[in-house]
Every structure is written in C-alpha cells, then in structure tokens.
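> Listed here are the chains, written in short residue letters.
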Amino acid sequence: MSLTIDRRRNNGPSSTYTPRLPPSSRATQTSTDNADERSPAKVYLKTGLVARCHGSAYLETRWGDVGGLKVVCSVHGPRPVGGVRGGASSGTHAGGGGAGGYSWTAQLVVDVRYAPFARVGARSGYLRTRHERALAAAVADALTPNILLHKFPKSEIAVHLAILQQPVPLTETGAVAVEAITLAGAINTAMAAVADAGVECRDVVAAAAVRVVGDGVGGRKVLVDCLGGGDGEGDEVTVTVGCMAQRREVTLLHLTGLAHAKEEINIAMETATDQATRIAGVIRRALLEEYSEELQQDTNMTGTE
Amino acid sequence: MQPLTFPPELYKRLVPREYLAKHLAHSGKRPSAYGPHRLPTEFRDITCTRSSLAQVSAGSAVVRCGATVVACGIRAEIASATMLDAINKTPKGFLVPNIDISPLCLPNSRSGPPDADTQIITARLDEILLPCIAREDLVITVDEDDLVDEVPVWCLWVDCVVLSADGGLLSTAVGACVAALADVVLPSVRYSIDDGRVVLADGPGKKLDLKYTPIVAEFAVFNNTVLCDPTGDEAALCAEVATVVVHVDGDRVRLGTTRKSGGTVIGIDGLQEIQRQAVDRARKVAHILTN
Numbered sequence: 000m001s002l003t004i005d006r007r008r009n010n011g012p013s014s015t016y017t018p019r020l021p022p023s024s025r026a027t028q029t030s031t032d033n034a035d036e037r038s039p040a041k042v043y044l045k046t047g048l049v050a051r052c053h054g055s056a057y058l059e060t061r062w063g064d065v066g067g068l069k070v071v072c073s074v075h076g077p078r079p080v081g082g083v084r085g086g087a088s089s090g091t092h093a094g095g096g097g098a099g100g101y102s103w104t105a106q107l108v109v110d111v112r113y114a115p116f117a118r119v120g121a122r123s124g125y126l127r128t129r130h131e132r133a134l135a136a137a138v139a140d141a142l143t144p145n146i147l148l149h150k151f152p153k154s155e156i157a158v159h160l161a162i163l164q165q166p167v168p169l170t171e172t173g174a175v176a177v178e179a180i181t182l183a184g185a186i187n188t189a190m191a192a193v194a195d196a197g198v199e200c201r202d203v204v205a206a207a208a209v210r211v212v213g214d215g216v217g218g219r220k221v222l223v224d225c226l227g228g229g230d231g232e233g234d235e236v237t238v239t240v241g242c243m244a245q246r247r248e249v250t251l252l253h254l255t256g257l258a259h260a261k262e263e264i265n266i267a268m269e270t271a272t273d274q275a276t277r278i279a280g281v282i283r284r285a286l287l288e289e290y291s292e293e294l295q296q297d298t299n300m301t302g303t304e
Numbered sequence: 000m001q002p003l004t005f006p007p008e009l010y011k012r013l014v015p016r017e018y019l020a021k022h023l024a025h026s027g028k029r030p031s032a033y034g035p036h037r038l039p040t041e042f043r044d045i046t047c048t049r050s051s052l053a054q055v056s057a058g059s060a061v062v063r064c065g066a067t068v069v070a071c072g073i074r075a076e077i078a079s080a081t082m083l084d085a086i087n088k089t090p091k092g093f094l095v096p097n098i099d100i101s102p103l104c105l106p107n108s109r110s111g112p113p114d115a116d117t118q119i120i121t122a123r124l125d126e127i128l129l130p131c132i133a134r135e136d137l138v139i140t141v142d143e144d145d146l147v148d149e150v151p152v153w154c155l156w157v158d159c160v161v162l163s164a165d166g167g168l169l170s171t172a173v174g175a176c177v178a179a180l181a182d183v184v185l186p187s188v189r190y191s192i193d194d195g196r197v198v199l200a201d202g203p204g205k206k207l208d209l210k211y212t213p214i215v216a217e218f219a220v221f222n223n224t225v226l227c228d229p230t231g232d233e234a235a236l237c238a239e240v241a242t243v244v245v246h247v248d249g250d251r252v253r254l255g256t257t258r259k260s261g262g263t264v265i266g267i268d269g270l271q272e273i274q275r276q277a278v279d280r281a282r283k284v285a286h287i288l289t290n
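From first to last, the protein sequence lines are chains A and B.
So the first sequence is numbered by numbering that gives the first Met the number 0: it starts at 0 and just counts up by one.
So the second sequence is numbered by numbering that gives the first Met the number 0: it starts at 0 and just counts up by one.
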C-alpha cells in the first residue's frame, strides 16, 4: 500500500480494518433479511438527474427496503475525440479507432468507478483497479453492437458509470452473484443513459443475472437476480446475459461455475433473456416518462414565457 | 427591439456574459436552466437524504443544492494510533475527507489523479471538517493494560462523490459530509486479546458528537453585483469570488474562515454584508442537514 500513496489525496493511516464479529460468535449470526428466492429484485430507473451532460440515468436494484445496487451513469457525446480538452481519455475503448486519429465510426469509451464506500468489505481506494477496467470492457461489449456507431464518424461517445453501493451477499459464495448483478445493473444504467442522450441505437439492450443453485438433495433451482438461496453446497452456475430486447439478440454472455447438465445452461440463459426483456420494459417506461414530462413542460412554457 | 430569431439557449452559449447581464438588467433575476430564476441574494434550496447507503457505510448522505448533487459515504475502520498528540500525549482518531470529481459530472475533466481544483477542495475539506470533531472521542477504550504502544482508534474515511456539478461544489460537499457525520453510528466494539484485534461487541452503537456544524456559503461578483451561491455557468463568468464558513452550534452562530479574492468590488461593507447573508443561510441549512 505504501508504494501507491498519492500525495494529491488525503491518505490517512496506512492500514485499517473493519471490525467484525469474533469467530466464536459467528455461528449465531443469521441473516434476517432473506431475499425471497422466487421473486426477483425490484428495479427502479430514472433518467436526467445529472446536470450539464447529454444523457444520464440512475438505477437502483432493491431487495426489500434495505440496500441494494445503486448506479449512476452519464453520457457525453457524440463529441470530438478526446473530449473538449483534446487529451486522451483513459476509459476503455470499443468500436473503431483509426491509428492516424481518423475513424469512420464513433468510439465508445466506457469508464467505471466504484465509490470508495461502495464495495462490501474494506474501503477501496481511488486508484483505478483492473476490476473496474474489466467491468467497463464488459459494458462496452454489451452496448457496442447496439449503437449506430457508423453514424458518428470522428467522434467519441463517453459513458461514465459510478457505482455507489453494491448489494451485500447473503451467503459465502454470494460474491459471484453480486458481481453478476453489478454487471447487469451497469449495462442497464448505461443503456438508459445512452438512450437519454439521444444517441441512435438499434434497440434497447438490457441485462439480467441468473443463478442455478442446488444442494444435492433438493434438486437444482434457478434464481433470478437473487442474493440468497444456495448455501454453497453443490455447484453453482452464474449467467449474465445482455440482449437486445425486441430482437432477442444476445450481445453479452458471461457464464461461470460448474453445471450438472447442458439443459441447465439453456434454461438459465432463457430465464436470463426473459428477465432482461422485462427490464428493457422498465428502461423504456423511464424514458417515456422523462420525455412526456418534457413535452408537457414545453407546451406549458410557450404559454407563460 | 427585434425579437430573437434563435432560441435563448443558443444565445446563452454564444454570448454568456451578455445573456446574464441582460437578464439582471431586465428582471433583476438570474436565469436558471434547472430551477426557478433567483435574485442575486437568493441561495438555492438544499435537500438532504440520509442513510441511503446504509448497508455498507457507517453513515451516508446525498445532498442536492439546485442541480449540484454530492453523495458522501463514511466508512468507520479501526487503525492504530501510534502517533500521539504532540502536546497532550493523548491518542487521537482519524478523520480523512476526500472528494472525487470525475468526468461523470464534469465532462472536461480527465479521470485519474485529482487535478488542482479537486486538490484545493480536499484541502478546504480538511480545514473545515477536522476541527469540528473531537478526535479524542474516536479512541476505543481498552480494559487491558498490556496495550501501550498501539491504542486502537476509529478512522473515519469520509468520501464524497460528486454526481452532478453545477457550481457550489465546496458548499454542497461540506453539507454532505456534515449530514453524513450526523448520520454515523459507530458500532459497539471491544478489543479481543484472543483475536489480537478489535471486534464487534453487543450493545447499541454510538453517534458522533460534533462540536459544531460548519456551513459554507459561496459568492461571486458579476458586473459589480454580488451573486449568492453561483451556479457553474455564473461562476465561469466571475473573477472575484468569496467563501464564508459559519459554525452553527444549536442557537449559537459564529464566523469561521472568510476568503475573498480576484477583485475589489467587495469592500469592507461588502464583506460584512456577505457574512450576514452567510449566517442567515447557515441557520436555515444546519437544521436541514443534521436532523
């Protein structure tokens, strides 16, 4: 840690830890906030919260009343490559990028940042981690086939995501589920913000995360957007699918774990695609609400201005 | 006078200075894209949502001032106070404020290490927030006497993330920090010899006891008019700026730091006037942020 002190920030003491329950009493700790295994999380989405950007979106995925995933996204673009300053942006690039600086298609630049207080466990610092870059690359992969990049030559579309809170996993192995849910939430927020910015797209891309869990006794269960279930016994499969809702074309597929049969994977993917289509409906409704409000305001303002 | 043949937004982008000057001359109010038009002496409304990031943070708040939104999350972790206070030889806890102004809210900024403006705001947060908390309160009491060198203390990591920037970053960030500090509940802990570290204990958590609530008011001067709480567009047109920090402690209100630079329009009387406005603002806002 001491090698990476950045003197431009307040660094504080070099090693701190979060107090936990002592090992002797950990057996009595039970999670009272049990996510219902059968019902997926509730997704709330609102656009247009960030000032002075072309488009923005805020997404919350909630289980019950406490906590959940909170993501903010803002989109700047299409704008000249490198931003107004002309310097190189350090996000992850996708789409065409000419070596000589000229590009026939727009460059999609995605940048993800976890707030220091967002992750479960220790506070993360401010340095960009490989984890954030990997997430940004995955979001770029999911969105690139959807955006009509060829309509904006020589420009870049910069998508910035800030993850304010990650959900707390309910089981020991829930960390994989949390990452999958975060990826799905990031893609959904980015899509809503890109659409809010008026960037031309083919369809609405939405993403969902599904797990297949099961102990050896009760058989295998498919859980949608869930943090609970499956207490680490048996093998788990986690699938994140990003797809274009109307066309049902998959733009992103992340699959990890150990499956018992090929059918499990097919069922998981179908379930994830169905859930993603539902979430695309949420995105569409949020955009409609925002723009019907604006139309309402315009018609009101012409009278009173 | 001919009516405009193009929309007002375009006029604002082409000649922002004239746009603001004409609005002030014509109606006496400042135009705003995100809210009602304000008089030069009006501040923007502040709203505060607390405990919204409760699941992992010890305390949190999201404060919105007009279109500027800052989220502050506080993580409470344990550190060792190996350095004692030089004078009293008593251990002290840590309060580490930081602010992150990313390209999310300011498209012209670059992601990566903080630039000069961000570093200045971080230095101001240090200056404003550190004195208002009694760092001795953050020391964890240890029953056993065999810990002489390493007294465990709380370290409060106060991290602000700017989600939307439209001027007033320092005042909104301080507001978010203050609201989050008022929201913090330190879990009950004890030192465990078996584990060699501090662990959670039974019992209710403890709230922080702030000595006072600091509130910041910002001002800028445009064409000899002092604008309170300037938005981003207004601040870009003004060279002379002023900042007043007010300490609110229940009914007692005292002046903290006053800074003014960039011009000579605000004189001695002007300073007293803006301090008076800052005190009025602080009285209204302190209640919203800490309750």
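In case anyone wonders, no lab produced these hints; they're calculated from the structure.
There's no promise every hint is true.
Once the Cα atoms are required to be at most 30 Å apart in a straight line, the calculated DSS-like pairs of lysine-lysine come out as [as the list claims (entries may be wrong)]:
#, chain 1, residue 1, chain 2, residue 2
1, B, Lys21, B, Lys259
2, B, Lys210, B, Lys259
3, B, Lys11, B, Lys21
4, A, Lys153, B, Lys11
5, B, Lys283, B, Lys28
6, B, Lys91, B, Lys206
7, B, Lys283, B, Lys259
8, A, Lys150, B, Lys11
9, B, Lys11, A, Lys45
Chain B side only, calculated, beta carbon under 10 Å to chain A, not exhaustive [unchecked claim]:
#, residue
10, Thr4
11, Ser51
12, Val68
13, Gly202
14, Pro203
15, Val225
Glycine included, every Cβ here is placed at the ideal spot set by N, Cα and C.
> Each hint should be assessed against the structure and marked as holding or not.
Each hint, compared with the structure:
The hinted pair formed by B/Lys21 and B/Lys259 meets the criterion: a straight-line CA distance of about 26 Å does not exceed 30 Å. A distance of roughly 26 Å separates the Cα atoms of B/Lys210 and B/Lys259; the hinted pair therefore holds under the 30 Å criterion. Between the alpha carbons of B/Lys11 and B/Lys21 the distance comes to roughly 11 Å, so the proposed pair stays at or under 30 Å and holds. The hinted pair formed by A/Lys153 and B/Lys11 meets the criterion: a straight-line CA distance of about 27 Å does not exceed 30 Å.
Between B/Lys283 and B/Lys28 the CA atoms are separated by roughly 22 Å; this keeps the pair inside 30 Å, and the hint holds. For the given pair, B/Lys91 sits about 17 Å from B/Lys206 by alpha-carbon distance, which is consistent with the 30 Å threshold. A distance of roughly 23 Å separates the Cα atoms of B/Lys283 and B/Lys259; the hinted pair therefore holds under the 30 Å criterion. Among the hinted pairs, A/Lys150 with B/Lys11 is consistent with the structure: their alpha-carbon atoms are about 28 Å apart, no more than 30 Å.
Distance check on the hinted pair: B/Lys11 and A/Lys45 sit about 28 Å apart at the alpha-carbon level, within 30 Å; holds. Taking 10 Å as the C-beta contact cut-off toward chain A, the hint placing B/Thr4 at the interface is violated, the least distance being around 16 Å. With a cut of 10 Å, the hint placing B/Ser51 at the interface with chain A holds, because the nearest CB-to-CB distance is about 8 Å. The beta carbon of B/Val68 is positioned within 10 Å of a beta carbon in chain A (closest approach about 7 Å), and the interface hint is therefore held.
A cut of 10 Å between beta carbons decides the hint on B/Gly202: the least distance to chain A is about 13 Å, and the hint is violated. At about 15 Å, the closest approach between the beta carbon of B/Pro203 and any beta carbon in chain A exceeds 10 Å, and the interface hint on this residue is violated. For B/Val225, the shortest C-beta to C-beta distance to chain A is roughly 23 Å, which exceeds 10 Å, and the interface hint is violated.
Hint check: violations occur at hints 10, 13, 14 and 15; the rest are consistent with the structure.
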